[in-house]
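Residue numbers (my numbering), protein chains in the order written: chain A, 521 to 715; chain B, 8 to 910.
Since the hints were derived computationally from the structure, they do not count as laboratory data. Fair warning: this is a prediction, and the values are worked out from it, not measured in the lab. Backbone N, C-alpha and C define an ideal beta-carbon position, used for all residues, glycine too. It cannot be assumed that every hint is accurate.
Over the 10 Å line for every Cβ pair with chain A, so calculated as not near, a few chain B residues [claimed, not checked]:
{"hint": "1", "residue": "Gln23"}
{"hint": "2", "residue": "Leu587"}
{"hint": "3", "residue": "Pro766"}
{"hint": "4", "residue": "His790"}
Rough simulated footprint, nothing fancy, chain B against chain A, three-plus residues with beta-carbon under 8 Å [what the hints assert, rightly or not]:
{"hint": "5", "stretch": "656–662"}
{"hint": "6", "stretch": "665–671"}
{"hint": "7", "stretch": "698–708"}
Here are the computed lysine-lysine pairs in the DSS-like style, where the Cα-Cα straight-line distance is at most 30 Å [as the list claims (entries may be wrong)]:
{"hint": "8", "chain 1": "B", "residue 1": "Lys892", "chain 2": "B", "residue 2": "Lys770"}
{"hint": "9", "chain 1": "B", "residue 1": "Lys871", "chain 2": "B", "residue 2": "Lys856"}
{"hint": "10", "chain 1": "B", "residue 1": "Lys789", "chain 2": "B", "residue 2": "Lys760"}
{"hint": "11", "chain 1": "B", "residue 1": "Lys760", "chain 2": "A", "residue 2": "Lys688"}
{"hint": "12", "chain 1": "B", "residue 1": "Lys760", "chain 2": "B", "residue 2": "Lys770"}
{"hint": "13", "chain 1": "A", "residue 1": "Lys654", "chain 2": "B", "residue 2": "Lys710"}
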Amino acid sequence: MEHTPHDVTRLLQDWSGGDAAAAERLVPLVYDELRRLARSYLRRERSDHTLQPTALVNEAYLKLCDQTRVSWQNRSHFYGVAAQVMRRILVDHARSHASEKRGGLRQRLSLEEVNVPAEERAAELLALDEALHKLAEAFPRKVRVVELRYFVGMSVDETAEVLGISDKTVMREWESAKLWLFSELDRELASGGGA
Amino acid sequence: MTAEIERLRRVDELLQSSLACGPGEQAALLDAACADDPALRAEVEALLGYRERVKGFIEVPALPLAAGLLAGAGGDEDGLRGQQIGPYRIVREVGRGGMGTVYLAERADGEFEQEVALKVVRRSFADSELARRFRQERQILASLNHPNIARLLDGGVSSDGEPYLAMEYIEGVRVDEYCDARGLPTATRLRLFLEVCRGVSYAHQHLVVHRDIKPSNILVTKEGVPKLLDFGIAKLLDPERAGEHTRTELRAFTPDYASPEQVGGGQITTASDVYSLGVLLRDLLRGAGRSREARRVPGGWRSETPGRKTAAAGRATDGEGEDREAQTRPRRFAAGELENIVAMARREDPARRYSSAGQLAEDIQRYLDGRPVRARKDSFTYRASKFVRRNVVGVSAAALVLLSLVGGVIATVWQARRATEQAAVARTERDRAERRFADVRRLSNAFLFEIAPKIERLEGSTEAREALVTRALEYLDSLARESGDDPQLQSELAAAYEKVGDLQGAPRRANLGDFSGAIASYEKARDVRQRLLERSPADFEQRRRLAAVLAALGYVRWWTSDVSGSLADSARALEIYERLVAERPGSGELRVAAAEALLDLATTTYFNEQLDEAHPLVLKALASLESLARDEPANVEAGMLLSRGYTLQGSILFWNTKEQEADAEMTKAIALSESLAAAHPHDGVLKQSLLANYLQASQIYQKGDPARSVAILTRALKVAEESVAADAANTQARQGLAKTYSMLGLIALHMEKPGVAAPQLAKSAAEFEELERIQPKNRTYKHDIARVATYLGMAKYQQRDFEGALAGYRKALALYEDDLRADPNNMLAFRKLANVHTYIADALRDSAKTANGDERRSRLRAAKESHQRAADVYLTLQAQNALTKLDRQYLEAVQAALRQYEQ
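Let the sequences and hints guide you as you build the complete structure.
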């Protein structure tokens, strides 16, 4: 089950070469690595382990890819995949929680703002995911920007670098994407939709 | 399908252009683009309508959350069941998140039956300092004992090194669900909310901020008692960020509950909780009949789209028919007072919200009692924030920081005062408000004094700096009008004027050189302080502050050449200081201030050529400073003033032709200030003081011992150059360097080496003119320019270039005449006038020697006239009984010259 840097590197190269299936095969590899890294991060005997946005994905990238053989384009693809993996992980988790009902138990974890009650968060995440899906057809680039910014935590210039567009374009896409998404969520809400 | 996408893209295109242009241009843009497609316009505008609400939306990355889920996914679910943590045994997992897990647990030692909610934090405290702070905070939280707060029972560190907290286990229902499920009428909801406010208020009085008030953190028990969960937990778990923003990973989805300062990473205070309470109140009020999902993306009922507002209001009454109130209140809410209450709690600027949860509760109570509520716009803070918004462009960042600090002081005082005005506010709350105010003030003072010099250094930002001061003054003036006669607020207002005055023209500190502006600001401060003293004449602090502002006024007036005004203010400052010192003779600080005022007065008197008046003042100042230096040998201020005093004494003695005694004083002065500067090598003020002493001392040796003078000036040049090298934008340092050049030029003139003098003087002139260009309002540069022009004239004269000499002298003459028009009492300018007339006369007379006939006669006539004018100056002084020894010498020389014309 161990994956060598070559697996990922080659898949990235295949993908760049036009093999769409390579992208799908990348996902489980990236998923496993991200999950493993996240665990080790949280277990570390350090009081200041605060996760730096992008640190996780960067580390996964360094682990999984043979630096001497990946191109800029490969790297961009990798981050794109990682962003989608992050999104998928969150949404899968939310879906499994949304179906759970926990009876009268009302006291919830709120150790920090992260800890919005699981089922509440789940519905929210699912709604956002849904809204992103709707946006994807007309505005695929907006969705990429949101994935990198929100799910990976990239800064504007990092996002610009990965997508090969200007900072200004990233900002414009980001600002407009937020409006589209929020309006979609609001519409959902007004129509009594949701989970 | 494709058409639909095209349509969406067209909307997006317009949306992006609208976002890129100003609000003014937006309408025009949409007019043009959607002339024949109103639906398109509506779509774009609907999206634009979300602009306010998306603030904070998905801004905080979800990654840390994802990492938590990843780490927790699969694997050891419920892995701790039955396990013991501290004295507790885990029954089952209740919840899980990025930072830890919550279990239902029971006492393992069986001592007494108790169910607890056990929170185990997935991080360890290897760092003992963190652990100490964790314990400290935990103790504060454990001391919270209130019926509406879930108690923190216990806490510790497990054998695995993981910190845990045991909380009172609450079985209850979320407050919003509780209200909705029972279809509670508005009044009942308000009473429940009041209880929540009481819990929050209680915690605030114990200096604990919740930081995360939202419906899921408030459970209502079977008995109908609302309980707040997790008070201060966010801070407890992240003590390193205490006081900063807490982490807001999922704020993305509940941006509404977090205050703007939380979302923006600002300072979190009790006001942040007030904000969240406001959101809670709003949601409870409109919650009726709405689905739970509705709260996840909270809509503003003040949404810009009117259709939606109506829909929401309509839903609020659907199916809630049991109670008439439920139908009538929402309408009233939408229209009036409750809306004002919610709005006031949710104001963007924390200072404009209710000053406490108690205040918010009180307004709710007033509403329930049918009394008018207090929530309304308070105009001045409103104006302040509007100002900041209006001026974001064009005013430099530093300027805005400064402004908000000045504003912050006032707003906080206002808030604290407002809190105390209202009887129901608990004493502790008031104390806390005052404490917070003190903190803010300390902070703003520190920033102001750090920022002032930085603003000075913003090159090419003169306009921005002036705009800053102008706007700050407008702002302060409007505050002054509205501040009523609250003495505390008035006093703070005076302090703010003083700070602005300092920025414009602070004595001996970097400033904008806007001395007339500084005078106006200081005068406003002075007037406020005088009014306050009329009411309580014995107020020691107020008297001290009045003396300080008068001293500043005395100093600044001198720079604007308002000599008589300067003397009057310095004398008043001195008088007050002397009385204060008599009341508190032990205060070194007061003694320094008094001696400085005395020395300022002596200096002004000396420079005003009133040597006989200046002398006793200097002697008095020296006596007091020498005794202070004996009492407090380490007092740097006293040492610095003492060296200044010796220099002044040396100069007075010199002009009274006591050269040897003068030399002794100068030697003392230089030794003292050199040793001070050596002991504090990074103290810029001491360096400037050393430089000033060098320059003044060098003058007395110009004629008798020019080599000594040159030696002193060489040391001066080193200090001046170092200061400029350390900070090239420091105009004070640059002025010091320019003065040093001019003194070097002067000494060369005394040695009759015009070829050596001219380049030094040219450098000096160029530097002063550059400084004047940077700070056109700083009139001291005019004096400097006039003096250097005179010296340059002298250099030309020595080179027998009489026309060049006359040009220099006439330039100086015009500048001095200018000064005298501004202040006829400016004796310095008056005497300079005589000097320059004499020089002009000399140049004309000597140039006549090489001319013939009419030309010669006309030059001699002009020379005689100039000599006559010089004589007039001295005769005027004589008539005023103000003739110094030196004046008399000059007068005699001029009269001798005049006699020669007769021959």
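Count the residues of the stretch 656–662 of chain A whose CB lies closer than 8 Å to any CB of chain B, then report whether that count reaches three. holds (count 3)
State whether the coverage of the stretch 698–708 of chain A by chain B holds or is violated, taking the criterion as 3 or more residues with Cβ-Cβ distances under 8 Å. holds (count 9)
Distance rule for Gln23/B, whose beta carbon must clear each one in chain A by more than 10 Å: 5 Å, violated
Does Lys710/B lie within 30 Å of Lys654/A when you go C-alpha to C-alpha? At roughly 91 Å apart (the allowed maximum being 30 Å), Lys710/B and Lys654/A break the hint.
Checking the smallest CB distance to chain A, is His790/B really beyond 10 Å? 51 Å, holds
Does the claim that Leu587/B lies off the interface hold, with its Cβ farther than 10 Å from every Cβ of chain A? Leu587/B clear of chain A: closest Cβ-Cβ about 51 Å, beyond 10 Å.
With the threshold set at 30 Å, check whether the alpha-carbon distance from Lys760/B to Lys688/A stays at or below it. 64 Å, violated
Measure nothing beyond the straight line between the CA atoms of Lys789/B and Lys760/B; if it is 30 Å or shorter, mark the hint as holding. 26 Å, holds
Is Lys892/B close enough to Lys770/B, meaning Cα to Cα at most 30 Å? 34 Å, violated
Annotated coverage of the stretch 665–671 of chain A by chain B, confirmed only when three residues or more have a Cβ within 8 Å: holds (count 4)
Sort out whether Lys770/B lies within 30 Å of Lys760/B, counting only the CA atoms. 16 Å, holds
Quick check for students: does the CB of Pro766/B sit more than 10 Å from each CB in chain A? 51 Å, holds
Violated hints for the displayed structure, listed by number in ascending order: 1, 8, 11 and 13.
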